[in-house]
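Could you put together the complete structure from these sequences and hints?
There are 2 protein chains.
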Amino acid sequence: MKEKILNLIEQGKYFEARNEICNLNVVDAAHLFEEIEQKYILLVFRTLPKDFSSEVFSYMSFELQKHVIDSMTDEEAIKILDDLYFDDAVDFIEEMPANIVKKILRNSDEDMRALINQFLDYPEDSAGSIMTIEYVDLKKEMTVKQAIQYIKEIGIDKRTINTCYVMDSSRVLEGVISLRKLILSDESTLVKDIMETGVMSINTHDDQEDVAALFRKYNFYVMPVVDMENRLVGIITVDDVLDVIDQEATEDLQKMAAVQPFETEYLKTSNWRLAFNRIPWLLILMISATLTSGIIQRYENALQSVIILAAFIPMLMDTGGNAGSQSSALIIRGLALGEIKTSDVPRVLGKEFCVSNIAGLVLAIVNFLKIYFLEGTGFIIALTVSFTLYFTVVLAKIVGGILPMVAKKLKLDPAIMAGPLITTIVDAVALVIYFNMATWLLGI
Amino acid sequence: MKEKILNLIEQGKYFEARNEICNLNVVDAAHLFEEIEQKYILLVFRTLPKDFSSEVFSYMSFELQKHVIDSMTDEEAIKILDDLYFDDAVDFIEEMPANIVKKILRNSDEDMRALINQFLDYPEDSAGSIMTIEYVDLKKEMTVKQAIQYIKEIGIDKRTINTCYVMDSSRVLEGVISLRKLILSDESTLVKDIMETGVMSINTHDDQEDVAALFRKYNFYVMPVVDMENRLVGIITVDDVLDVIDQEATEDLQKMAAVQPFETEYLKTSNWRLAFNRIPWLLILMISATLTSGIIQRYENALQSVIILAAFIPMLMDTGGNAGSQSSALIIRGLALGEIKTSDVPRVLGKEFCVSNIAGLVLAIVNFLKIYFLEGTGFIIALTVSFTLYFTVVLAKIVGGILPMVAKKLKLDPAIMAGPLITTIVDAVALVIYFNMATWLLGI
Numbered sequence: 013m014k015e016k017i018l019n020l021i022e023q024g025k026y027f028e029a030r031n032e033i034c035n036l037n038v039v040d041a042a043h044l045f046e047e048i049e050q051k052y053i054l055l056v057f058r059t060l061p062k063d064f065s066s067e068v069f070s071y072m073s074f075e076l077q078k079h080v081i082d083s084m085t086d087e088e089a090i091k092i093l094d095d096l097y098f099d100d101a102v103d104f105i106e107e108m109p110a111n112i113v114k115k116i117l118r119n120s121d122e123d124m125r126a127l128i129n130q131f132l133d134y135p136e137d138s139a140g141s142i143m144t145i146e147y148v149d150l151k152k153e154m155t156v157k158q159a160i161q162y163i164k165e166i167g168i169d170k171r172t173i174n175t176c177y178v179m180d181s182s183r184v185l186e187g188v189i190s191l192r193k194l195i196l197s198d199e200s201t202l203v204k205d206i207m208e209t210g211v212m213s214i215n216t217h218d219d220q221e222d223v224a225a226l227f228r229k230y231n232f233y234v235m236p237v238v239d240m241e242n243r244l245v246g247i248i249t250v251d252d253v254l255d256v257i258d259q260e261a262t263e264d265l266q267k268m269a270a271v272q273p274f275e276t277e278y279l280k281t282s283n284w285r286l287a288f289n290r291i292p293w294l295l296i297l298m299i300s301a302t303l304t305s306g307i308i309q310r311y312e313n314a315l316q317s318v319i320i321l322a323a324f325i326p327m328l329m330d331t332g333g334n335a336g337s338q339s340s341a342l343i344i345r346g347l348a349l350g351e352i353k354t355s356d357v358p359r360v361l362g363k364e365f366c367v368s369n370i371a372g373l374v375l376a377i378v379n380f381l382k383i384y385f386l387e388g389t390g391f392i393i394a395l396t397v398s399f400t401l402y403f404t405v406v407l408a409k410i411v412g413g414i415l416p417m418v419a420k421k422l423k424l425d426p427a428i429m430a431g432p433l434i435t436t437i438v439d440a441v442a443l444v445i446y447f448n449m450a451t452w453l454l455g456i
Numbered sequence: 013m014k015e016k017i018l019n020l021i022e023q024g025k026y027f028e029a030r031n032e033i034c035n036l037n038v039v040d041a042a043h044l045f046e047e048i049e050q051k052y053i054l055l056v057f058r059t060l061p062k063d064f065s066s067e068v069f070s071y072m073s074f075e076l077q078k079h080v081i082d083s084m085t086d087e088e089a090i091k092i093l094d095d096l097y098f099d100d101a102v103d104f105i106e107e108m109p110a111n112i113v114k115k116i117l118r119n120s121d122e123d124m125r126a127l128i129n130q131f132l133d134y135p136e137d138s139a140g141s142i143m144t145i146e147y148v149d150l151k152k153e154m155t156v157k158q159a160i161q162y163i164k165e166i167g168i169d170k171r172t173i174n175t176c177y178v179m180d181s182s183r184v185l186e187g188v189i190s191l192r193k194l195i196l197s198d199e200s201t202l203v204k205d206i207m208e209t210g211v212m213s214i215n216t217h218d219d220q221e222d223v224a225a226l227f228r229k230y231n232f233y234v235m236p237v238v239d240m241e242n243r244l245v246g247i248i249t250v251d252d253v254l255d256v257i258d259q260e261a262t263e264d265l266q267k268m269a270a271v272q273p274f275e276t277e278y279l280k281t282s283n284w285r286l287a288f289n290r291i292p293w294l295l296i297l298m299i300s301a302t303l304t305s306g307i308i309q310r311y312e313n314a315l316q317s318v319i320i321l322a323a324f325i326p327m328l329m330d331t332g333g334n335a336g337s338q339s340s341a342l343i344i345r346g347l348a349l350g351e352i353k354t355s356d357v358p359r360v361l362g363k364e365f366c367v368s369n370i371a372g373l374v375l376a377i378v379n380f381l382k383i384y385f386l387e388g389t390g391f392i393i394a395l396t397v398s399f400t401l402y403f404t405v406v407l408a409k410i411v412g413g414i415l416p417m418v419a420k421k422l423k424l425d426p427a428i429m430a431g432p433l434i435t436t437i438v439d440a441v442a443l444v445i446y447f448n449m450a451t452w453l454l455g456i
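Which chain is which? The protein sequence lines are A and X, in order.
Residues 13 to 456 in my numbering are what the first sequence spells out, letter by letter.
Residues 13 to 456 in my numbering are what the second sequence spells out, letter by letter.
The set of hints was computed from the structure by calculation and includes no laboratory data.
Heads up, a few of these hints could be off.
A pair holds if it fits inside one copy or across any two, identical chains being indistinguishable in the list.
[Said to hold, decoys possible] Here are the simulated lysine-lysine pairs, DSS-like style, with alpha carbons at most 25 Å apart:
| hint | residue 1 | residue 2 |
| --- | --- | --- |
| 1 | K62 | K78 |
| 2 | K170 | K14 |
| 3 | K353 | K25 |
| 4 | K78 | K421 |
| 5 | K78 | K229 |
| 6 | K157 | K170 |
| 7 | K164 | K152 |
| 8 | K151 | K164 |
| 9 | K164 | K193 |
In structure tokens:
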């Protein structure tokens with residue numbers, strides 16, 4: 013299909029191509045435009061029906077949007093922008109270079125400019141930055157019939173008409189009513205008698221992560237956003253929340269892997285940026301590993317006389333790191349999903365203590381059997397390695413379980429207390445135990 | 013509020029408590045029931061209005077649901093079950109012990125029993141297992157007025173009336189029409205003239221991860237599910253997809269942290285289960301670390317003569333592990349979100365080669381300055397450590413970037429190719445380079 017349309021365009025059959033494109037889903041149509049040769053893009057785009065074209069536009073990449081707007085007349089550009097939902101328009105403006113933003117703003121009326129500036133001011137990752145303004149507002153004195161009539165008149169431009177909002181004269185949110193309820197109710201009923209009151213709402217400055225938590229918990233499809241005076245200023249729809257959830261999970265994962273979070277797609281991120289986002293943590297962790305070097309140097313003599321001790325250091329370090337990562341990953345995720353609260357510290361401590369003892373024992377026993385019986389390592393050495401292994405696993409799991417909760421309690425992001433950092437801590441303690449036990453048991 | 017209601021119940025003021033509960037969101041009401049003393053639960057639950065109570069029931073934990081159903085008469089239980097949406101009912105039945113399932117099935121009519129069994133048969137994680145059957149079906153010859161009238165009659169029991177489905181006589185899906193479109197269209201228009209055709213649908217046996225990808229890409233709120241003959245059998249709503257997305261992200265994270273995935277919440281999972289899900293990978297990784305022990309033992313003599321070499325082993329291992337985790341985490345997440353395809357191997361290889369060289373150089377230089385100038389390590393040793401560090405970072409990042417893609421290509425889960433496994437591989441190679449370089453440069 014894609015090939016066919018691209019061929020039609022190459023052959024100059026724009027209107028045939030247009031008809032095929034109009035049969036596509038808008039998302040697919042937008043992706044198709046990414047593959048059309050630059051010189052044809054505007055030609056084809058102009059043939060599309062107006063409503064369809066602005067929807068397609070909203071799903072294009074920022075680079076393509078920039079190209080399209082750049083090559084249009086001011087009038088055309090404004091028409092496209094006017095047809096966008098407001099949140100898409102703001103997202104677009106945020107990404108455009110100054111000359112395009114100017115082009116847009118000088119052609120907008122004053123109210124629109126003020127509104128755009130207000131939206132650009134919302135902090136990144138706040139509810140305000142993901143809300144839109146196209147909602148249906150009803151009055152509580154309307155009958156169901158009047159309300160439906162009103163929706164018919166104004167609904168075409170709204171993001172959703174499935175949920176409608178009832179406000180008083182100063183725009184304070186009074187209630188919510190679903191289109192479903194309207195349709196299923198008697199025509200003469202008053203909106204105020206069937207609307208839902210005491211509606212849960214979001215504040216413009218709430219963090220988008222908290223917004224996602226509410227959608228998750230209550231299975232909402234849309235939620236109202238209010239300002240400090242409880243006036244309705246916008247709505248957030250579940251499709252935007254889906255993006256937030258993906259984004260937050262990606263961010264947590266990046267932090268857990270000791271990468272400075274970034275929002276662009278991997279393949280679209282420059283190599284310098286990728287390197288720059290990874291180097292700081294690698295440096296910090298490398299330098300903090302000085303601790304382990306220091307410990308080994310302190311026990312240089314013990315090591316020199318029983319050199320075989322060195323052979324087990326990587327295994328001990330790796331197993332400690334793995335054991336700690338397991339615990340911290342589960343706790344970090346549990347905290348992110350709200351399944352674990354900071355008040356659960358004693359329970360987590362109890363569970364990790366128990367789990368780590370089981371895991372530590374199993375690993376220590378298997379390790380002892382393996383290195384003593386299979387590999388013929390000396391008894392005392394095997395004992396030292398196995399005991400250290402046991403202790404390392406217990407320590408790693410407890411540290412891995414607790415540190416993310418401590419971070420959360422200190423209002424830090426739990427995700428930075430993941431594997432890498434915990435490994436560094438556990439490594440040092442494990443080495444001290446290892447060498448102390450070795451010097452004591454071997455009498456060196 | 014919660015305290016107040018619990019107090020009212022303690023004082024036997026059930027109807028006052030009931031009124032307060034009815035003002036709560038159903039999710040909050042369900043959570044409240046988890047805290048009511050067991051002897052009061054059924055008493056209070058029975059006072060709730062019928063519609064409200066079955067909604068509250070659907071948000072209760074399985075243990076509480078079991079308790080409620082167990083203490084009810086068969087008749088009461090069936091009433092509750094009948095009022096549940098079908099997907100909630102199936103989820104409930106799946107979790108209940110045999111005696112309760114029997115109680116339910118013997119009181120259901122034959123059609124319902126057949127349907128329940130059909131749903132229980134859908135593979136876990138398939139589209140069939142998350143769909144529900146309460147959708148609105150329209151006929152294409154209906155006028156908009158007739159369609160709306162029909163929705164008014166049957167809509168009350170439907171999961172959503174915002175999207176309606178048009179089928180032919182053999183239930184093959186012909187089109188989709190939104191309530192929005194119906195409301196905004198002229199009453200005399202025929203459904204077939206305004207319905208959307210060529211609708212994207214899901215097959216009952218599609219993986220839920222693929223379903224989530226479609227919702228993500230196209231911003232759907234609901235999608236139709238069809239069987240092998242393209243007959244409509246159910247719908248999937250976005251709130252269930254939200255759960256899937258959380259679940260898949262959790263599962264990937266667990267695998268990346270070398271934990272056997274499990275679906276229950278951390279705090280609700282037994283310690284044995286938690287231990288059991290962690291030990292296999294810890295064992296596998298521990299045993300594969302034998303490789304590193306073997307390498308160190310092979311170079312025992314070199315190590316013995318320059319014991320300081322041992323001091324840098326943990327730092328080299330940790331940095332290699334961290335560098336590899338960074339790359340693998342980004343690639344695994346990119347693959348999961350569909351931002352990276354298996355055909356991108358050359359691009360990923362190119363990017364990781366470049367990024368790893370930048371990161372490797374920076375780390376090696378900082379490390380050299382630190383150990384040679386600050387710590388007074390010998391020049392040759394510092395050179396050996398820094399060169400090995402550089403090489404380890406480059407290797408770790410390339411292996412970390414490519415292995416998840418290889419896994420995907422082999423139809424394995426990329427998430428298992430994460431930090432721990434890659435660390436083990438990189439450790440071994442890094443040690444070989446380290447000792448070879450040391451023996452060569454130091455002439456030992």
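Hint check:
With identical chains, the CA atoms of K62 and K78 are at most 25 Å apart within one copy only, with a shortest distance of 18 Å there and 55 Å across copies. Taking CA atoms no more than 25 Å apart as the test, K170 paired with K14 passes in neither setting, with 31 Å inside one copy and 37 Å between copies. Neither within a single protomer nor between protomers do K353 and K25 lie at most 25 Å apart by alpha-carbon distance, with minima of 61 Å and 32 Å respectively. Taking the shortest Cα distances, K78 and K421 never come within 25 Å of each other, neither inside one copy (44 Å) nor across copies (35 Å).
Taking identical chains as interchangeable, the C-alpha atoms of K78 and K229 lie at most 25 Å apart only when they sit on different chains, with a minimum of 21 Å there against 38 Å within one chain. Proximity of K157 to K170 under the C-alpha cut-off of 25 Å is found in both arrangements, the shortest distances being 19 Å within a copy and 22 Å between copies. With identical chains, the CA atoms of K164 and K152 are at most 25 Å apart both within one copy (17 Å) and between copies (22 Å). In this assembly of identical chains, K151 and K164 lie within 25 Å of each other by CA distance both inside one copy and across copies; the values are 15 Å within and 23 Å between.
Taking the shortest alpha-carbon separations for K164 and K193, both the intra-copy value of 16 Å and the inter-copy value of 10 Å come in at or below 25 Å.
The structure does not agree with the numbered hints 2, 3 and 4 stated previously, though it agrees with the rest.
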